[in-house]
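Participant: Take a look at the letters that make up each chain.
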Amino acid sequence: MSVSVRGRKASVSAVRVVVSLLIALAAIFPIYWMLITAIRPSSQLLSPQLALFPDGSATLEGFIGLFTQNPALTWLANSTLITLGSTVLSTVISVFAGYSLSRFGGRGQQVMGLTLLMSRMLPGSLLVIPLYVVFLNLGLVNTLFALVIINTAFIVPFTTWMLKAFFDGIPREIEEAAFVDGAGLFRTLWTIILPLSGPGIAAAVTYAAVLAWADFLFARTLLTNQAVWPVTQGIASFMGDYRTAWNEIMALGVVSIVPMILLFLATERFLVSSLTAGAVKG
Amino acid sequence: MTLGRRRTIFGYALLAPAIVFVGVLIAYPLVLSLQLSVTPGRFASLRSSEGGFSFEHYVTVLGSPETWASLLRTGIYVAGTVIPAFAIGLAVALLLREAFPGRRWLRTAILLPWAVPGVAASAVFLWMFDASFGVVNQILFHLGLISTPIAWYSSADTAMFGVIVPTAWKLFPFFAMILLAALQTIPQDLYEAARVDGAGRYQQFAHVTWPGVRGAAFTALIIASLGVYREFDFIFPLTRGGPNNATTTMAIAIYQEAFQFSNLGFAAALGIVSIAIAAVFVLIAGRDLRKV
Amino acid sequence: MTTKGIAARSVAIGISVAALTTGLLSGCSSGSGGGDGKVVLEFPNFQASEAPFSVWWEEFVAAFEEKYPDVTVDMSDAQNSDRYQETLLTRFAAGDPPEIVQQTTTNFFQLAGAGYLADVGDLVPDSWGPLQSTYEWDGKTVGVMTLASGLVLYYNEQLLNDAGVDVPTTPEELVAASQAIYDPQNGIYGFAGVSAPQDPKLYNESAMFVVGSGGQWFDGDTPNFDSPEVAKGLEFYKEALATAPPGLQFTQRNELFQSGKAGFMVENANFMGAIQQQAPADVKPNLKPARVPFPTEPGLASVALSIPDGLDDATLQAARDFVSLAVSPEWQKRYAELIGAPAPDPDSTADLLTENPYMKLFVELQGEAVSILPTGPEVRKDFPIYRKEIFDSLVGITSGAVSIPDALADLQASTEAQLGS
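Protein chains in written order, with the numbering used here: chain G, 3 to 284; chain X, 700 to 991; chain D, 24 to 444.
The shape of chain G in the complex, shown without the other chains (with noise of 0.2 Å):
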């Protein structure tokens, strides 16, 4: 390779990267102005002067209220609940309807499909009073497992797509070969299909706790009791208040996004490659 070439290509990657730099800025922004609100002392918040860094007066009494004065570690318990719930029903559910649709297509897909676009067209006001009803008949009303239900209802459209998108990409002589040697339907999905499928699975998972811990239609809509309440809840109940603790909002912002930053690490891999497997091209 010439020089030239070399050195074109060496700019060309330090483009690259500096352009991501400036994205990836512009993407953590608010996450990093959530932070610095939320240890900045209360008395200078509501003042006109630019602070873009932390200075020597940087307190954790935001977080400190938040904890002592409100019950946020039961909120974030309920939210981790919730989101577990959701996320392995959600995901039973949609590996087996993935897994039917790739193999057995036909009508059902159809069926899936609108369904897809369904639960994306409808308004969320008009979802309030149906699912109250329906929950109140069921005598689930301010339950978390009404909220386990809900979010499976929702989310399940989309991770069966993109499940199935996953399933089509691994090749039928699989499960051809398995049939050859004698074993059945069930057998062949449970001990062969699944092992091979960490990457989908991983996908699905996060999708589906990304929403449900995300949730607040169906949390505002349920449970109307303090004591359910998920993070999304107690975050939306401080904007209302009398008094708007910008510290202890934000404090409470930051600490929901920790855990989704964890999950978001150990599967982010996942979530580009299982695409990938599939047949995304449609």
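Think of the hints as simulated: they come from the structure by calculation, not from any bench. All values reported here derive from a predicted model rather than from experimental measurement. C-beta: ideal position from N, C-alpha, C; glycine also. Watch out, some of these pointers could steer you wrong.
Said to hold, decoys possible - Pair ranges (Cβ atoms, derived):
1. G/A268 to X/F840: 40 to 48 Å
2. X/A798 to G/L116: 49 to 57 Å
3. X/T759 to G/A79: 44 to 52 Å
4. X/T807 to G/L54: 20 to 28 Å
5. X/T759 to G/L198: 36 to 44 Å
6. G/L116 to D/Q340: 47 to 55 Å
7. G/F55 to X/T807: 21 to 29 Å
8. X/T807 to D/A199: 19 to 27 Å
9. D/P400 to X/L761: 24 to 32 Å
10. D/A436 to X/T759: 13 to 21 Å
11. D/P153 to G/A79: 45 to 53 Å
12. G/A229 to X/A798: 42 to 50 Å
Stated by the list, open to error - Partial list, computed: chain G residues near chain X (C-beta under 10 Å):
13. S15
14. T61
15. L128
16. R222
For this one, chain G is given, so just place chains X and D on it according to the hints.
Facilitator: Positioned in the frame of chain G, the structure of chains X and D alone reads:
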């Protein structure tokens, strides 16, 4: 039972939980909304005894200029959010396609906005765009770009922008993710072949890259557009649909009619109309989607 | 393994079928009430964690349960916000309302309009003042007020002294004083008025200027926007708001004033209690209440208790007992004592006038208060709609986008069209 028959049953059995689960919880609200939308009266209710059947709400919805104004605003909101988010997502995907030092961290960083709960994001943008104490105004002032603070959310000119920015911020990682995955399925030899044929960077993009991601791009665009179309919990804490209806999209209008004006029948009709419009959009724009 | 798979599938299918069937049977609603013969009164309370109200409620509920051992009160902490309104409406629409309904007046108009509330007229003592009539609907009284106050001008004595101005007694003086104090470079503002879109306090604040000047948005069911009093009031409003930070929300307003960064704000008498609780020690002594500097004293009843229609006899009786006890003189006195402002009962403050230096002022203001809320039945039915239109106009006026005469002409025209007058 033949193997074929058993396989079909197995197939349906696997699919059944998903369909029943989803079907019930999505179909029931739709049915109830339809019922409310044809129940006449200012304070229409579900109490069956006071039924009645009338299309009066649909007539009002379709005949009211406010409805079409909301639809227009919704269009602006969706286009204003999805197009920039798509462009940035595509740029990001192209940037991250090649490996370079630190790529993994940057990729995680860029995906983070998607992981932030919407409520938290609304809160921080409300604070950042605060007219008197928000950092955006402070930075603009510092850079000498403005001399008086911009009241982002209380001025009709800037409110829509102030609502589009957070939504696009949260949306672009979604596109980045999907487009990056699609890019990685394009075989490298196609690029080699194009280069051998003397294709420049732009032509490579137009003839190799774009056809490779087009399908995924359209699917993502439709799904994202539908999501933004019905977005409510993000806008409402920021502007409540104001000022002076500047950010009242269909989703907000439906909420207002239902929960602020107690006009349940009208709200339901507006909702059904909104779904119908979304369906038309999907049909027109989504022929590629059927291939999925 | 196949068995496990079948088991898992069956569970999933089972849940779905259960959801399906019960969904289909949703005609039947579940009844309320405890299973052990005790009556349960569910009471979402948006004052439950707000001192000093929370103190009164806790004492009251404990005393009520002691007096009526067969009744349990399930008081939970609600948030007074759009979400609360939404929740109330959802529950009523689904046939599952709480037994004791606490509401702001805007909620009240919606619930009363939909016919959800029971008649409680016989529970209201005759001595109560005219603001109680806010809660009449269709000839019946369907709400009992728990918070009724004349509006109060709060001022920061320190800032007034620094700017060399006296406590204003006329609208012109208020505007002049606000302008004198206004020093945005140093983060000091004159009149802390809200201007965030759709902020509920927009109504109260603008109404102070309008009603204070002798105007009203509506005269019965006739729109009154083109009257000279309304226009004059809004002129003052606009000038005062020019000394406020743009885009201010009401929570920020409170924070701003309590931290000593604003000269004036307008709120009801109970806010004095909030100042006592929340303002920092170095600012608190400077924050004082004064009479609103307008010829007419504006006020409103802002919170009420109601009982939903359609309760069974035992529950209805328990709910009525609850309301009855709350309006009794003993508890009204305790309210005034704890809150530091007059309770709805005009006799509630008889013993407190010397203890609390501001009580006399508050009592006077409450007695003179002219309601800022509309009285015409058609207007009240659609009040949230008109209120929103007023809000939109106000934002246009304060930002300078629309002139006052134009805004008022628009409002007059559109409301006349809607009311068919």
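Participant: If a hint holds in the structure, say so; if it does not, say that too.
Facilitator: Status of the hints after comparison with the structure:
1. With their beta carbons about 41 Å apart, G/A268 and X/F840 fall inside the hinted range of 40 to 48 Å.
2. Against the hinted window of 49 to 57 Å, the Cβ-Cβ separation of X/A798 and G/L116 comes to about 40 Å, which falls outside the hint.
3. The hinted window of 44 to 52 Å between X/T759 and G/A79 holds, with their beta carbons roughly 46 Å apart.
4. At about 23 Å, the beta-carbon gap between X/T807 and G/L54 stays in the expected band of 20 to 28 Å.
5. Taking 36 to 44 Å as the suggested C-beta distance range, the pair X/T759 and G/L198 does not conform, at roughly 56 Å.
6. A C-beta distance of roughly 52 Å is found between G/L116 and D/Q340, which places it inside the suggested range of 47 to 55 Å.
7. At roughly 23 Å, the beta-carbon separation of G/F55 and X/T807 lies within the given 21 to 29 Å, and the hint holds.
8. At about 57 Å, the beta-carbon gap between X/T807 and D/A199 misses the expected band of 19 to 27 Å.
9. Separation of D/P400 from X/L761 is about 29 Å and conforms to the stated range, judged on CB atoms against 24 to 32 Å.
10. As the Cβ distance of D/A436 to X/T759 is approximately 20 Å, the hint placing it in 13 to 21 Å holds.
11. Between D/P153 and G/A79 the C-beta distance comes to about 49 Å, which sits within the given range of 45 to 53 Å.
12. The supplied range of 42 to 50 Å is met by G/A229 and X/A798, whose beta-carbon atoms lie about 49 Å from each other.
13. The interface hint given for G/S15 is met, as the beta carbon of that residue sits about 6 Å from the closest beta carbon of chain X, less than 10 Å.
14. Here the hint on G/T61 is broken, as its CB sits about 18 Å from the closest CB of chain X, past 10 Å.
15. Annotation: interface hint on G/L128 holds; nearest CB of chain X at approximately 4 Å, less than 10 Å.
16. With a cut of 10 Å, the hint placing G/R222 at the interface with chain X holds, because the nearest CB-to-CB distance is about 8 Å.
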